[in-house]
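Engineer: Start from chain A and add chains B and C according to the hints.
Residue numbers (full-length UniProt numbering), protein chains in the order written: chain A, 1 to 356; chain B, 1 to 356; chain C, 1 to 356.
None of these hints come from the bench; they were simulated from the model.
Fair warning: this is a prediction, and the values are worked out from it, not measured in the lab.
Mixed in with the good hints, there may be bad ones.
Remember, identical chains collapse to one label, so a pair may be satisfied in a single copy or spanning two.
Calculated pairs, BS3-like style, for lysine-lysine (alpha carbon to alpha carbon, straight line, at most 30 angstroms) [unchecked claim]:
#1 210 x 185
#2 333 x 184
#3 184 x 210
#4 115 x 184
#5 210 x 270
#6 270 x 115
#7 184 x 117
#8 333 x 210
#9 208 x 270
#10 333 x 185
Each chain is listed here by its residues.
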Amino acid sequence: MKKWLSPFLLIAFFVLSAAAHFAGWDPIIQFILAAISVIFVAGFLGKATENVAHYAGQRLGGFLNATFGNAAELIIAIFLVKEGLFDMVKASLTGSIIGNLLLVLGLSIFAGGTKFKVQSFNVSLAGMNGSLMIVAIIALFVPAVFLNTHSITTSDTQTLSLIVAGILIVAYIAWLIFSMFTHKKYLADVTEDSEEELPHEHTPDWSKGKSILYLVLATVMVAFVSEWLVDTLETFTTRFGLSELFVGAFLVAIIGNAAEHSAAVMLAMKNKIGASVEIAVGSSLQIALFVTPVLVFASYFYGNTMNLVFSTIELLAIGVSVFIAKSIIQDGKTNWYEGLLLLVVYVILGVSFFMV
Amino acid sequence: MKKWLSPFLLIAFFVLSAAAHFAGWDPIIQFILAAISVIFVAGFLGKATENVAHYAGQRLGGFLNATFGNAAELIIAIFLVKEGLFDMVKASLTGSIIGNLLLVLGLSIFAGGTKFKVQSFNVSLAGMNGSLMIVAIIALFVPAVFLNTHSITTSDTQTLSLIVAGILIVAYIAWLIFSMFTHKKYLADVTEDSEEELPHEHTPDWSKGKSILYLVLATVMVAFVSEWLVDTLETFTTRFGLSELFVGAFLVAIIGNAAEHSAAVMLAMKNKIGASVEIAVGSSLQIALFVTPVLVFASYFYGNTMNLVFSTIELLAIGVSVFIAKSIIQDGKTNWYEGLLLLVVYVILGVSFFMV
Amino acid sequence: MKKWLSPFLLIAFFVLSAAAHFAGWDPIIQFILAAISVIFVAGFLGKATENVAHYAGQRLGGFLNATFGNAAELIIAIFLVKEGLFDMVKASLTGSIIGNLLLVLGLSIFAGGTKFKVQSFNVSLAGMNGSLMIVAIIALFVPAVFLNTHSITTSDTQTLSLIVAGILIVAYIAWLIFSMFTHKKYLADVTEDSEEELPHEHTPDWSKGKSILYLVLATVMVAFVSEWLVDTLETFTTRFGLSELFVGAFLVAIIGNAAEHSAAVMLAMKNKIGASVEIAVGSSLQIALFVTPVLVFASYFYGNTMNLVFSTIELLAIGVSVFIAKSIIQDGKTNWYEGLLLLVVYVILGVSFFMV
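Next comes chain A alone, as it looks inside the complex (with noise of 0.2 angstroms):
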């Protein structure tokens, strides 16, 4: 399969783009070479996450997923908060949550419903993740709450921040005890177990060690390929007339998460829609309980804590994201309208971030 993915155009693009970043050639030719390198960077990182998810099971392979889709993001936005950029932060990671949950599922779910009538996965993953995800807005919207309509000293905000952040990293290391150890069969994907009575149709590319070194190789050049791309979008910035916000959320978060678009849109065309929701679903909620806390404590110790006070506009993106997300998702049952239904919302919010 994907006869197009050749090692040889893989490496020939990566090596190309990454002399256009070093060398310092024209923004729009870098542009265009890492974008084209994006693709096909993406499309390895979707065949080994495939290759693992096929040896680890679907849920496993898609928090891998997520994991590795989610590191390039974290060690960007470290450099941003090291630099105190903390508006540019906020407005990354809110592009990649409703990226997530809005774009990438939502693509994932149309695609799908496109091939298959209804697509299922298991509704107590689907309730599971809903009420992580309002939870993840709850711990966003409080602070800002209580900081709009109270006078808290910038010091008694940074602490709430860091206290809150503190109490979602540990939730979040409960999540994962609870989805991989106590609970890792009732979360276990409808699909997955009729799946493995079925003769093997699908043999793995690559053997089990090998997957698992691509997948780590993939992610690494993803990561780098993204930042060479995010660079040069300054000058579109500038050139075009683009808003800093519209950017950070909209485009850097687009080109971010290639390589969940890829691995999920792929699988759901393969009716294993659980694996993209977990990939969607799990990334946009490792962002908001453990990537956003993870930034709080690293601006605490480079000197200058960033808060947890996202701007209104902000968490209204994440709200309604996460509200129309959770009711798409909530039965356990999808098909290509509803995937449509998110496509709708993402583009309501992106125009409007537009005209700010």
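Structural biologist: Only chains B and C this time, still in chain A's reference frame:
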């Protein structure tokens, strides 16, 4: 059934209230005649809908009913838009959405619940309706929040309104394709199937062609009588000191939805709660996703674009209505107490609007 | 069971803390004695509830427990209303609602989840509870939003509060009719039925009459001890510089709900999670739909009407509690992680209130 629905009285009161309207009799007389006439034409419309539903199945029947019910509202609203009375248009759209979700749905579920312990309908349809309702409120909330938190020019607000309106119309057309074509069976009423195996206890009153003709005729009559009745309301606003918001959002909406009321309640009492939900929820969705956007475009062609920014209390009213209606329909089962809860919320909103 | 619940110690500490209160011993001594006494009387109440539940079935038992638990709160609140301390009343009502929905329910689900992988209860009851919670927050949000966006006179605000309070009491009485009479079986606990077919492993400790007598007696004792404990809190507020909001919404509520805590957690650990949910959610619903409206009317008779307008952060706290609790109970299944999530939200709110 419905022996009181004599064709003679129906026509007599229609002609009388027409005479009262065009001859300009005393507004109180006009009001009384139009109110009595509404009862008859709504009854007629209900009977026609029932007959059409017999031939078309519950869902298509419900859709037809919602459409014919809203045709009247759309026509009235376009006249208001033409005259630039945007606030009144928004108040009556708000009233129509909450009137359908709370009053029509509440009365139907309550009335049906007094005869049947638990009534069921297709749970997939309930879920889709819930998600559509959420998209509708997102489309109304997002522009309002952006406008209130950022300095956006009037021109940008209108552009944003036109774009969002366009997106909503596309989403609505896609919903028709989904519900009428690609997933018709998936959303079919659960009771419909079992009912068709029963011996035909209720033979239709009219032939298929006659039923459709009467449905159109009844809708037109309802449209006329509603308008005559609405015309008399200004007198009440002035004489009894009611606010325009209350009159627009409650009195106009209740009378304008008379057709949906009678049809939906009647179907619920025959245990066709699926059709009632389709009328009530379908009608409110049609207003939010189709009638409202069409009015935005209509205003554009009349030279003065109406924006999509509803007032805070209108958004509050729509938001809480969607919230409670979604909670009540989402399990695909209803009982009398759930109907009562919808009515409770309607009364709380009504009293609050009355106070303003 | 519960060998530590010696009648001698129960009475001894009750008498001691009564002596400390009326003789005016040092507040710290009063606090320690009352706190120990609370543990014993709450244990006694829990045992009595369990016995009554054995005779009455889980749901009626849960309702009785919620009522007796709230009787104490209602009495204390009426004294506060009489003295016009409306802010403290609202803070403690808020604390009681969120304490039940997050702390009591969270501890029950978590404790039960450590013994049983998944606990189930009637999904129809879960759905009804969710809808009732939403109506409760709508009744609190709507007057607050109207007041904040429109200039409404104090007199109109009080009229609106009285009307909404009246509507809520009607809704609550209708709920009792629904849940106790017309749909008793529909809401029956799933585990209750299966349990009744088991050989009676747990014989009740007392006769039916004695159980009821002890339930009343234990409730009265809890009411007294709670009040004595609350009395000592002012000292803590002053000495340790805590805000009244935090003391009212957290300390008072935690102690005032001691009875519900112990009973609900104990039932959950015996796999009667349905009764735990009934106590926790039922208790919070009773406060929102019955205790609060009754206090509005009580204040009216004392000559100074308390309005229904809660502060923004009180509404936020109630809103997020309902949102997460509804998400967690709506599938009628619970596990330890869901209990943890409720506790996480409780801690986030607690830390935030502490900071104000």
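Engineer: Work down the list of hints and note, for each, if the structure agrees.
Structural biologist: Each hint tested on the structure:
no. : hint      : result
1   : 210 x 185 : within (27 angstroms within a copy, 46 angstroms between copies)
2   : 333 x 184 : both (20 angstroms within a copy, 16 angstroms between copies)
3   : 184 x 210 : within (25 angstroms within a copy, 46 angstroms between copies)
4   : 115 x 184 : both (29 angstroms within a copy, 17 angstroms between copies)
5   : 210 x 270 : within (22 angstroms within a copy, 49 angstroms between copies)
6   : 270 x 115 : within (9 angstroms within a copy, 38 angstroms between copies)
7   : 184 x 117 : both (28 angstroms within a copy, 11 angstroms between copies)
8   : 333 x 210 : neither (34 angstroms within a copy, 40 angstroms between copies)
9   : 208 x 270 : within (20 angstroms within a copy, 45 angstroms between copies)
10  : 333 x 185 : both (19 angstroms within a copy, 15 angstroms between copies)
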